[in-house]
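Chemist: These are the residues of each chain, in order.
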Amino acid sequence: MHYVIIGNGVAGINAANSLRNYDEDAEITIISYESEHHFSRTALMYVFCGQLSEQCVEPFERDHYEKMGFKRVNDKVTKLDTNSNKLYLEKGETISFDKLLIACGAVPAMYNWPGQDLDGVGNFVTWQNLQWLQEKSKTAKKAVVVGGGLIGIETVEVLLQAGIDVTFLVREDYYWPIALDKTESTIIAEHMKHHKVDLRLKTAFAEILGKDGKVVGVKTGDGEIIDCELVVIAVGVRPQTDWLKDSGVTMDERGGIIVDEYLQTNCTDIYSAGDCASVIWFNNVRRPEQLWYTGRDQGKIAAANLFGMEKIYKRGTFYNSAKFFDIEYTTAGLVNFNLDGEKNFYSQEEGTHNTVRITYLPDNKVVGFNMLGRRWDHRILVQWIDEKRTLSWVLDHLHKALYDEEFMPQFKLNKQVS
Amino acid sequence: MQTGLMSTYKSSLKSKGIIAWVLSLLLFAFYLLIYFTNIPDSWAHLVGLESKWNLYGVLYTIAIIAGGLYFINTHGNSRYQKFRTFTLIFMQVVFAFSIPEIMGMFESKGFNFAKFWPLGIELFNPKYIFDYPILIIVYAFVGSLIAVPILTLLYGKRWYCSWVCGCGGLAETAGDSFRQLSDKRVKAWKFEQVSIHTVLVLAILSTALVIINWGMHYENTAGEWVTDYATFDLIASKVQGTYQFLVVAMLSGVLGVGLYPLMGSRVWCRFFCPMAALLGLIQKFGRFRITVKDEMCISCGNCSTYCEMGIDVRAYAQTNQSFKRASCVGCGMCAHVCPRGVLRLENKWDFRKTADSENRKVFDF
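Chains as they are written, first to last, in the working numbering: chain E, 178 to 595; chain W, 21 to 385.
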C-alpha cells in the first residue's frame, strides 16, 4: 500500500506518524516544497526575533523521516489525476498513490490591492515569509501591518522588537471583534499603545504606494498617507488549492476541500485534513478550521480512515488560547456569538490586565469563557460548559480552573454583571 | 514573547559565538589555576584575603548575587522565579558564605549548612566530620539521610537543586544566559543516564571505603592512629584521592563551569552530580510532576529550548503526557516561557500514569 501525503505541516506529519503506527510496512511518501523538516508554524515569530533558532522550532529530531521510513519528496504538486491516482510534480516527476491525503495547508490571502506586488510587501505565514521578513527588517525603519487578527499582532510585536516603528491598521471598530468583546479589546489596545504601537482602528487600507518598484507608503481609506518601507499583510489565509481546480475534487466557494465526517473528499481514495479542509464546525457552519490542534487532530483521524478504520471527526466544545504581547488569553465555548438572551458576567482584577468574562443564557447555564491575563485550564472550563453548570456554581468553583505558575497572587473576583 | 529571551540566538555570547569560546577558555584557565596552583593565593593577599579559597568564595558569591539580580530583573514577573532566585541568593550569602566565614573568625572550622552528602562527599568521612561539635554531626547525618529524601518526596529535587544548592545557584543566576545550550537529543539523555549513575556508584564506593578504612584504624600505645591493613589503607586513599580529583575538581569545577558558554550551565548537575542522581531516583517516587494541559501545545519549542537539563519537554507537551523526569530540577522555566500556558509544576500525589523513560510515548495516536 502506498500512502502519499501532500503537506509537511502539523496535519501531514501527524497523519504520517499515525499511519506508521497502524501499518509498519506501508510505503509512506510526504511531498512538500516549503521546508525540508517539519516545523511549528506558530513559532515563526520566535525565530524572527531570535528567541528560538531555526532548529528549535522543529518538533522532531532531524532523522525522523529516516527513522520512521518516510520518503520525503521536496517538490510542488501541480496536478492531480483522480482517474489514474497520479500526481504530477513541478520538477517533472509523477507519483502514483493508492491513498492520498491532501494536507497542503493555506496561504496568505491577498485581495488584489493596488501596489501589492511592490518590493517590500509581504506576509508572515510561511518559512519563505520568515526569510523575507528577516532580510527586509535589516533596513526598514518604518512598517505598516494590515489586519486585526493574531498574525497581525504577532507581526507587530516582533517588528517592534527589531527596532522598527510600526503602524497597525485595523479595519474594525476595535481589535479582533470576532473573538473579543470591546472591553477586553480596549485593554489589548492600551497594552499595544504602551508598547509604542501606532494603532489605527476603523482604518481601511486602500493602496500601497511605490517608487521605482519599492514601497514608499500606504494610503488609507480616508486618503491619509503613511510613509513606510515595509508592508506586512495579515488579513487571513485561504486554502492553497488552486492546483486542484480541474481535478474533480469538490471544493467550497473559498477553495476549502469539502470533506465528510471521515475527512474523505468526494473521491474514494482521497482525504483532506488541516487548513485546506472544509469541515463542519460545532455550529453547523462549513469552513476550514485553521488552528494548530485541530490540524493535528484531523491528521490523526484522516490517517485512521486512510488505513481503513472508520473514525469520525467530531469537534467538541470550542477552545483556544493566544498571547497578545505579554497578556495571555484563554477562551472556551461560545463567547461573542450574540446568542438569544445571552448575558455576561465580567470582572477585572484591579490594577491588572486580568479579566474574566463568562457568558450565560437566561436559564443561568454557562456557555462560554473569555479570560485575559491569568492562565486557565481549558479542560475544566470546557467540562463545566458540557455539564451545563450555572453561573453561580461556576463562580464558586472558578479558582479550581486557574492554571497559574506557583505563588501567583490570590485570585479575586470583582463582580460586574452586564 | 518573553522578556529577556528575545534575541538569544542573535547574541554571540549566548549562541556559541566567538565571545562564548573566549569566555569558556578564560573559565577553564581560572579553574585550573584555582584547583591546581597556588598563584591565586597571591591575588587573594592583594585584596586582603587569607587564601585562594576565600577569594573563590567571594567571587562565587558576587557572581550569584549579580546574576541573580539580573535574572529577577528579566523573569521576576513570575513570582515563582522571583522567590526561587531570592532564596538561592540568600542560601549562598548566608549559609554557604557568611556562616562558614564567621565560624572561621571564632577559630572553629567553617561548615556549610546548605550542603549534604553525597554532594559534600566529605560529610561522611569520619576523619572530617568528627572534628565538628556533636550538633553539626547530627545535622549532617540526619539532614543527608532523612530530611533530604523526605523533602524530595514531597517537593521534588527542586527544593535542593534550584532553591538551595550552590552549584545550582551559580547555574541559575550567572549561568542563566546559557540554559538554551543544553543538548536535547535522546543521545544526550542516554549518556546522562549512564554517566550520572556511574558517579553516584563511585561516590558511594568511595564513602564506604573511607568509612571501613577508618574503622580498621586504632590508636596504638604510643597514641598514633594506625592500621594493620596497609594495602587497604592505600587503596582507600587512592580511591578517595581519585574521586576528589576527577569528580570534585575536574567535573564539578573545571568542566562544569568551564563549559557553561558551550554546553549550558548544568553540565555538572545533569551528567555528573551524585546528589542529583540520588535525588532524581527519589523524585520518581515523589509528588512532584509537570502537568501538561491536553491539546493546547503548539510545538513551538520554547520549553525544550530553555530547559537547562536538556529535557525535550515539547515531546511530552505535544503528546499530552504529564511527566516525571529524574533530571528535572524544577526551575520552572518551561512553564514560564510557554506562550500557551500548557505546563505547570505541581506537588500533588497523583497516581495516574506519568510518562518517564520506560513508558514515554514519542507519538500519541
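Misleading hints may appear alongside valid ones.
[Unchecked claim] As a list, the in silico DSS-like pairs of lysine-lysine whose alpha-carbon atoms are at most 30 Å apart:
no. : chain 1 : residue 1 : chain 2 : residue 2
1   : E       : Lys373    : W       : Lys258
2   : W       : Lys129    : W       : Lys258
3   : E       : Lys318    : E       : Lys388
4   : W       : Lys102    : E       : Lys500
5   : E       : Lys318    : E       : Lys253
6   : W       : Lys36     : E       : Lys315
[Unchecked claim] These stretches of chain W come out as covered by chain E in the derived footprint (C-beta under 8 Å, 3 or more residues):
no. : region
7   : 70-82
8   : 152-159
9   : 184-198
Read the hints as simulated data drawn from the structure, not as lab findings.
Keep in mind the model is a prediction, meaning the values are calculated, not measured.
Using N, Cα and C, we set each Cβ at its ideal position, and we do this for glycine too.
Chemist: State for each hint whether it applies.
Modeler: Okay, the hints, checked on the actual structure:
Distance hint between Lys373/E and Lys258/W is unfulfilled; the C-alpha atoms sit about 65 Å from each other, more than 30 Å. Among the hinted pairs, Lys129/W with Lys258/W is consistent with the structure: their alpha-carbon atoms are about 25 Å apart, no more than 30 Å. With a C-alpha separation of about 17 Å, the suggested pair Lys318/E and Lys388/E falls inside the 30 Å cut-off, and the hint holds. With a C-alpha separation of about 22 Å, the suggested pair Lys102/W and Lys500/E falls inside the 30 Å cut-off, and the hint holds.
With a C-alpha separation of about 35 Å, the suggested pair Lys318/E and Lys253/E falls outside the 30 Å cut-off, and the hint is violated. Pair hint Lys36/W plus Lys315/E holds up; C-alpha atoms about 22 Å apart against a cutoff of 30 Å. Beta-carbon proximity to chain E at under 8 Å applies to 0 residues in the region 70-82 of chain W; the threshold of 3 is not reached and the given coverage is violated. Chain E is given as covering the region 152-159 of chain W, and this is violated because 0 residues of the stretch bring a CB closer than 8 Å to a CB of that chain, at least three being needed.
Proximity of the region 184-198 of chain W to chain E, defined as three or more residues with a beta carbon under 8 Å from a beta carbon of that chain, is not established by the 0 residues found.
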